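**Q** Sequence:
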Amino acid sequence: QDTPQIERVTIGSPGSPSDTPLTIVQLSDLHMQGRRDVLRLKYAVELVEREHPDAVVLTGDFVREDATQVNLATPLLTGLSAPLGSYAVLGNHDLWTDRHVVTEGLRSAGIKVLDNEGVVLSNGEAALYLAGLDDAWSGTSDLAAATEGNTTGLPVVMLIHEPDLGEPFVRAGSVWLQLSGHSHGGQVRVPGRGALILPDYAQQYDQGLYSVDDGWLYVNRGLGTTTVPIRLGCRPEVTVLT
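Take the sequence shown: its letter number 51 is residue 51 in my numbering, and every next letter is one higher.
Hints were generated in silico from the structure; no laboratory data involved. Each statement offered as a hint is correct.
Okay, the calculated beta carbon distance ranges per label pair:
#, residue 1, residue 2, range
1, Val228, Ser108, 28 to 36 Å
2, Ser13, Pro83, 14 to 22 Å
3, Gly192, Lys42, 33 to 41 Å
Quantities reported herein were computed from a predicted structural model and do not represent experimental measurements. Virtual Cβ for every residue (Gly too), placed ideally from N, Cα, C.
Please model the entire structure based on the sequences and the hints provided.
**A** Have a look at this one:
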């Protein structure tokens, strides 16, 4: 139940179809605290390396209770390599501890932290605009600021930690694909019932792919745990999005 598994998701282009696929790998909710988290992340990074993605994104909550424990992750995250770069947004736990310590730890691993900022990702004919928002629960999310560089109107892929708080942007048509974490998939899932407990702002969208009007929303189950370090029927996840 504790070994990360790959979830593969293919989403068609919102514009004219391209012969060139663009592959993004998503990791989320590392919640670094001890040796078990380090071993789990090491396994996940090895999975990522085998996929040779165009870009890597990380959707927040790198620590649980101590911001300096991001340093448990940095030696492993340094191993993430992708031609179009590695990007992250922060989550509520990162802000509740110390956003500056977490940000510096990620930067030291070569990961660009997008704080209401964006970047164009292009691979041949395929191009997207990646917008990273500050934590929506405890920070100041600003999609307008994050997308002001999207001067050619590319489809927007938005990174935001809490799924329920980003959904209105997708519904409004401002975002084509939202990538989130936060839910941990509930950590414990029962067949026929789903998650027993979900955190605030992940009540509506708790795992996997959702169609939202003309757009999409994807929730990664994360790697780590919080409160109770148990997973049942809810394996840690590495998402490969094409």
